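**Student:** Residue numbers (full-length UniProt numbering), protein chains in the order written: chain B, 1 to 250; chain Y, 1 to 250.
Because the hints were derived from the structure by calculation, they are not lab data. Wrong hints could be hidden among the right ones.
[Claimed, not checked] A short list of chain Y residues far from chain B (calculated; beta carbon distances all over 12 Å):
| no. | residue |
| --- | --- |
| 1 | Y45 |
| 2 | I168 |
| 3 | S169 |
| 4 | K171 |
| 5 | G224 |
[Said to hold, decoys possible] The calculated lysine-lysine pairs, modelled on BS3-like cross-linking and capped at a C-alpha distance of 30 Å, are:
| no. | chain 1 | residue 1 | chain 2 | residue 2 |
| --- | --- | --- | --- | --- |
| 6 | B | K71 | B | K207 |
| 7 | B | K90 | Y | K209 |
| 8 | B | K241 | Y | K209 |
| 9 | Y | K222 | Y | K207 |
| 10 | Y | K189 | B | K167 |
It should be emphasised that the depicted structure is a prediction, and the values quoted were computed from it without experimental measurement. Think of the CB as a built atom: it goes at the ideal place given N, C-alpha and C, for glycine as much as any other residue.
Protein chains: 2
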Amino acid sequence: MDSKELILQRSNEAKEIFLPNLSADPVIFGFDQNQLKVLLLKMSYRHQWFLPGGYVKKDEDLDDAVVRILKERAGVNAVSYLEEFGVFGKKNRSEDYFEDFDETLFYKQRFITIGYYALYNPSKIDLTVDEYSESCEWIYLSELSHIEMAMDHKEIVEKALLTLREKISIKPIGLNLLPEKFTLSELRKLYEAILGKDLNRGNFYRKIKKLGILEKLDEQRKGGAHKSPDLYSFNKEIYNKALENGLISW
Amino acid sequence: MDSKELILQRSNEAKEIFLPNLSADPVIFGFDQNQLKVLLLKMSYRHQWFLPGGYVKKDEDLDDAVVRILKERAGVNAVSYLEEFGVFGKKNRSEDYFEDFDETLFYKQRFITIGYYALYNPSKIDLTVDEYSESCEWIYLSELSHIEMAMDHKEIVEKALLTLREKISIKPIGLNLLPEKFTLSELRKLYEAILGKDLNRGNFYRKIKKLGILEKLDEQRKGGAHKSPDLYSFNKEIYNKALENGLISW
Numbered sequence: 001m002d003s004k005e006l007i008l009q010r011s012n013e014a015k016e017i018f019l020p021n022l023s024a025d026p027v028i029f030g031f032d033q034n035q036l037k038v039l040l041l042k043m044s045y046r047h048q049w050f051l052p053g054g055y056v057k058k059d060e061d062l063d064d065a066v067v068r069i070l071k072e073r074a075g076v077n078a079v080s081y082l083e084e085f086g087v088f089g090k091k092n093r094s095e096d097y098f099e100d101f102d103e104t105l106f107y108k109q110r111f112i113t114i115g116y117y118a119l120y121n122p123s124k125i126d127l128t129v130d131e132y133s134e135s136c137e138w139i140y141l142s143e144l145s146h147i148e149m150a151m152d153h154k155e156i157v158e159k160a161l162l163t164l165r166e167k168i169s170i171k172p173i174g175l176n177l178l179p180e181k182f183t184l185s186e187l188r189k190l191y192e193a194i195l196g197k198d199l200n201r202g203n204f205y206r207k208i209k210k211l212g213i214l215e216k217l218d219e220q221r222k223g224g225a226h227k228s229p230d231l232y233s234f235n236k237e238i239y240n241k242a243l244e245n246g247l248i249s250w
Numbered sequence: 001m002d003s004k005e006l007i008l009q010r011s012n013e014a015k016e017i018f019l020p021n022l023s024a025d026p027v028i029f030g031f032d033q034n035q036l037k038v039l040l041l042k043m044s045y046r047h048q049w050f051l052p053g054g055y056v057k058k059d060e061d062l063d064d065a066v067v068r069i070l071k072e073r074a075g076v077n078a079v080s081y082l083e084e085f086g087v088f089g090k091k092n093r094s095e096d097y098f099e100d101f102d103e104t105l106f107y108k109q110r111f112i113t114i115g116y117y118a119l120y121n122p123s124k125i126d127l128t129v130d131e132y133s134e135s136c137e138w139i140y141l142s143e144l145s146h147i148e149m150a151m152d153h154k155e156i157v158e159k160a161l162l163t164l165r166e167k168i169s170i171k172p173i174g175l176n177l178l179p180e181k182f183t184l185s186e187l188r189k190l191y192e193a194i195l196g197k198d199l200n201r202g203n204f205y206r207k208i209k210k211l212g213i214l215e216k217l218d219e220q221r222k223g224g225a226h227k228s229p230d231l232y233s234f235n236k237e238i239y240n241k242a243l244e245n246g247l248i249s250w
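In isolation and in its complexed conformation, chain B is listed as follows (with noise of 0.2 Å):
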């Protein structure tokens, strides 16, 4: 079955299973080699990248579609909780994607998406490859801007950024993102990734440390060229209250 035909077939079982206008598309997060990455898939047809989004069953709640479309869609089980960020309505927002199509497919309808981002360490995560798609990759957010995007999801995941920014002033970050065990520069490397720029070394260590969620380990990374830097974990009760709670209170 060529990639036409599936999405005809589908499109006539989606109209019976699924909510009608309404879709979900999680942004997910992962940090590897200093830079942010992005969950995204290629779907064969038009060989363009989406976010790994779907739709809502007609009996199921929202917050169960969205674990269960990342599932099906790339094969992450690991993502437990995703966090509601925006909701993108523009009425012309997808019309002109499904354009071999006629009026009555299921896809080709408005749908006013509702965007979830999570983040995550890739090497957590074994991806699988949809029915719909060519691939399921990590991409550089470095990368997004050589890549083809379909319809509004670039900015999507643009949104999705910067809300991540405005959280890190209000929450730790880092738990899922860094091993059990990192250096002050890794962790400040983080940051500089999330933020978009270079942040001041010696500012950033007593901001971070002022904020008590890190244990300083008794154990240095070795093998490096340099001095080996101590290592530090995360105090995740500590961590998990500022979670809750906010960083900063008035």
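With chain B's structure known, arrange chain Y on it following the hints.
**Tutor:** Just chain Y, lined up with the frame of chain B:
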């Protein structure tokens, strides 16, 4: 026409005009007498309190819909920007409400609702009552536990308040809520109302002055029993910059 007849008649029109399964609920906060209020409607049918919500037209951008809904349901013209803060998508969130009607009623289908919030000075808004409602009022948050709210609308207000609490750690607040000239004590009471707790005067004054968003005027509030306190206003340029970039930087 009684309230049930009206609902039946409008239901048939609604099916033609609006997207199914999707609604929007604006949570408009006001500040008055040192307390937060929220704008609510009391529906004539079943006499329960609702957010001034509504539906999205088939050919209307989502952002335009929210502004139109607020105007149609409460006469609110003044609010031009609302911020999305959450999507409420439990499959059974509204199923029991229209108990006197059968399944063909537009309003009785499953709705996933999108929550928006805004802050406004109640004295600047002339409220009107729409055809479905017997009243449209500002209700103090402290009164919410004493009134009957429909469906999950109380939960939606609570989530909006939590979002607002998070936001005041990263964004300035007060420009649309306080009079042009205000005392530090009035500003502190706004923060206390949002945070739901008392703040230490000295700490608050030191932190808020450090943000640089205030301008001390050469004027005092006269007429109180105590020493006349200094008046302040917001430096709009710095305030708007902080709105855009956030208060705290790494």
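**Student:** Find the hints from earlier in the document that the structure breaks and name them by number, from lowest to highest.
**Tutor:** 2, 3, 4, 6, 7
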